[in-house]
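Engineer: Residue numbers (the working numbering), protein chains in the order written: chain L, 242 to 355; chain E, 5 to 119.
Read the hints as simulated data drawn from the structure, not as lab findings.
Among the hints, erroneous ones may be present.
Said to hold, decoys possible - Taking lysine-lysine pairs in the DSS-like style, the calculated list, with each CA pair at most 30 Å apart, reads:
(1) E/62 with E/26
(2) L/298 with E/75
(3) L/298 with E/46
(4) E/26 with E/72
(5) E/61 with E/75
(6) E/62 with E/75
(7) L/254 with E/46
(8) E/46 with E/61
(9) E/72 with L/298
(10) E/72 with E/61
(11) L/298 with E/26
(12) E/46 with E/26
(13) E/26 with E/61
(14) L/298 with L/254
(15) E/62 with E/46
For clarity, every value in this text was computed on a predicted model and none was experimentally measured.
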Amino acid sequence: KAGVTQTPRYLIKTRGQQVTLSCSPISGHRSVSWYQQTPGQGLQFLFEYFSETQRNKGNFPGRFSGRQFSNSRSEMNVSTLELGDSALYLCASSFLLVEDNEQFFGPGTRLTVL
Amino acid sequence: GENVEQHPSTLSVQEGDSAVIKCTYSDSASNYFPWYKQELGKRPQLIIDIRSNVGEKKDQRIAVTLNKTAKHFSLHITETQPEDSAVYFCAASLPPNFGNEKLTFGTGTRLTIIP
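Build the full structure now, drawing on both the sequences and the hints.
Structural biologist: Okay, here's the thing in structure tokens:
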């Protein structure tokens, strides 16, 4: 079955703009988590959605938001972009069962803010 | 919240030798410990994981051990090959029914296999 997909793969934006990234989970997975990866900070948790509800949120400013649709696809939005938002944004999907909560990552969206 | 520390940050190993990467975690309620391998420009790939009801798990040349008392877990790669060169991340997670099952990652280990 198809893996996690993310679009777009690459984005170049300027400071002050806003951006929307999309993630389609593995079929049957209802949990989608988002992570930011940078050389300096490593892999940092952004938020997690399950059945269209945000279950967890990491320590990021309110400019970072997300949502999940009824088909489990998820989007994240970053408003008023800053240079420091340049990163690889990864989403991961999971069944989120007690004994089956492995998370599988998509290829990521590389965002460059100029 | 959970804190995961990973050592070493870089590791060079002669081809054929073994490599060991160690992680410690802070929250004793964490029960799921995956390891991811990330090659340059690619997504993290789950290579092995272990749950807190198991002390050791092996998959061919890769093994993971867990010491719940000491709150540390380790990745062991035997008979290393050039294709094992990558960055390896450990992570820890609470059980899903805690409502806070996000993965907390270590800072990564860049493993280089010397031919």
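Engineer: It remains to establish, for every hint, whether it holds in the given structure.
Structural biologist: Evaluation of the provided hints:
1. E/62 with E/26: Since the Cα atoms of residue 62 of chain E and residue 26 of chain E sit roughly 16 Å apart, the hinted pair holds (cutoff 30 Å).
2. L/298 with E/75: Distance of about 25 Å is within 30 Å: holds.
3. L/298 with E/46: Holds, at roughly 25 Å.
4. E/26 with E/72: holds (14 Å)
5. E/61 with E/75: holds (16 Å)
6. E/62 with E/75: Given pair residue 62 of chain E, residue 75 of chain E holds - Cα atoms ~19 Å apart, limit 30 Å.
7. L/254 with E/46: holds (22 Å)
8. E/46 with E/61: holds (26 Å)
9. E/72 with L/298: Roughly 27 Å between the alpha carbons, so the hint for residue 72 of chain E and residue 298 of chain L holds.
10. E/72 with E/61: Holds - the C-alpha atoms of residue 61 of chain E and residue 72 of chain E are around 14 Å apart, at most 30 Å.
11. L/298 with E/26: holds (27 Å)
12. E/46 with E/26: Holds - the C-alpha atoms of residue 26 of chain E and residue 46 of chain E are around 23 Å apart, at most 30 Å.
13. E/26 with E/61: holds (15 Å)
14. L/298 with L/254: Status holds; Cα separation ~24 Å.
15. E/62 with E/46: holds (24 Å)
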